[in-house]
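Chemist: Residues per chain, in single letters:
There are 2 protein chains.
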Amino acid sequence: MALKSWNIQVKNANAFFDSLDDASVNREVAPGKNTILYLLGHLIAVNDGMISLFGLGERQYAYLDEAFVKNPDKSGLQMPDAATLKREWRKSNDTLSAYFDEMTADDWFTRHNSMTDQDLINDPGRNKLSVLLNRTNHLSYHLGQLMLIAGK
Amino acid sequence: MALKSWNIQVKNANAFFDSLDDASVNREVAPGKNTILYLLGHLIAVNDGMISLFGLGERQYAYLDEAFVKNPDKSGLQMPDAATLKREWRKSNDTLSAYFDEMTADDWFTRHNSMTDQDLINDPGRNKLSVLLNRTNHLSYHLGQLMLIAGK
Numbered sequence: 082m083a084l085k086s087w088n089i090q091v092k093n094a095n096a097f098f099d100s101l102d103d104a105s106v107n108r109e110v111a112p113g114k115n116t117i118l119y120l121l122g123h124l125i126a127v128n129d130g131m132i133s134l135f136g137l138g139e140r141q142y143a144y145l146d147e148a149f150v151k152n153p154d155k156s157g158l159q160m161p162d163a164a165t166l167k168r169e170w171r172k173s174n175d176t177l178s179a180y181f182d183e184m185t186a187d188d189w190f191t192r193h194n195s196m197t198d199q200d201l202i203n204d205p206g207r208n209k210l211s212v213l214l215n216r217t218n219h220l221s222y223h224l225g226q227l228m229l230i231a232g233k
Numbered sequence: 082m083a084l085k086s087w088n089i090q091v092k093n094a095n096a097f098f099d100s101l102d103d104a105s106v107n108r109e110v111a112p113g114k115n116t117i118l119y120l121l122g123h124l125i126a127v128n129d130g131m132i133s134l135f136g137l138g139e140r141q142y143a144y145l146d147e148a149f150v151k152n153p154d155k156s157g158l159q160m161p162d163a164a165t166l167k168r169e170w171r172k173s174n175d176t177l178s179a180y181f182d183e184m185t186a187d188d189w190f191t192r193h194n195s196m197t198d199q200d201l202i203n204d205p206g207r208n209k210l211s212v213l214l215n216r217t218n219h220l221s222y223h224l225g226q227l228m229l230i231a232g233k
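Heads up: the protein sequence lines correspond to chains A and L, in order. Numbered per our numbering, the first sequence spans residues 82 to 233. Numbered per our numbering, the second sequence spans residues 82 to 233.
With the rest of the complex left out, here is chain A (with noise of 0.2 Å):
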């Protein structure tokens, strides 16, 4: 359930993303705020983090988290275009769907790596399913700022 709440969010990103011409996502949601390339870049990097973070593999967009994580927008650092971020966003979810497909419901309830095992016996509630539920929190909040330029 807490993976199909994630779907829908990617659904309604990926619809929005899509609906873009990729002149359009060097535009900012509100005046003098994030552009929606910075979004976009930000999201990925993300979420993508989720597969070091769950011990699945290695992470695709380590390189992204300069200028979309550490950094805020308009830094001056090198940004990959936007044809290319759109790519990567629908690339990156593909890649997470396979892996979260082959995890088990007690996959879920295991520790992340950024935990030790006491960790989760003190907090048995930080685990993967509380990083998937922070992180559709953290999509839909920024899909808020985003949706307010398709006029929502």
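Do not rely on the hints blindly, as some may be mistaken.
Intra- or inter-copy, both count: the list cannot distinguish identical chains.
Stated by the list, open to error - With a straight-line Cα cutoff of 30 Å, these simulated BS3-like cross-link-like pairs (lysine-lysine) come out:
hint, residue 1, residue 2
1, K114, K92
2, K114, K155
3, K85, K155
4, K92, K151
5, K172, K92
6, K155, K172
No lab work stands behind these hints: they were computed from the structure.
Starting from the structure of chain A, add chain L where the hints point.
Modeler: Chain L in isolation, oriented as in the chain A frame:
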């Protein structure tokens, strides 16, 4: 865990609404978009809907639906003032918390009131927990918009 995720978003929203003086709630989250006042009433009304949907009791804020759910902002319909809505936001969350505290883990996997027993058999994931996850995303979505005002 889904409740924890919900509570985190409510806490974040509290922090935002508490930071505002009453005059600021008339600001739009972006030019031409919803005002903070509208989103505040919208969130109270939508979240309050879970009380009747889950069969927990009688909704407290059905009177907000007309101005804040069924109609867009700037409809000309009368709206309570900022101080009232900020107070009711707090109160509505206290009420929801008290109801949620009474629910057992199993309760979350039962059907809600806009479904039949057969609906739940056809799609067991369509239950109260799925509604809570959906409302959590909805809150995050609008919180992302509100936080534009706070410079995030």
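Chemist: The structure should be examined with respect to each hint, and the outcome stated for every one.
Modeler: Against the structure, the hints:
no.: 1; hint: K114 with K92; verdict: both (24 Å within a copy, 24 Å between copies)
no.: 2; hint: K114 with K155; verdict: both (10 Å within a copy, 24 Å between copies)
no.: 3; hint: K85 with K155; verdict: neither (34 Å within a copy, 34 Å between copies)
no.: 4; hint: K92 with K151; verdict: both (26 Å within a copy, 25 Å between copies)
no.: 5; hint: K172 with K92; verdict: within (13 Å within a copy, 34 Å between copies)
no.: 6; hint: K155 with K172; verdict: within (25 Å within a copy, 41 Å between copies)
This entry does not satisfy hint 3, going by the numbered hints stated previously; all others are met.
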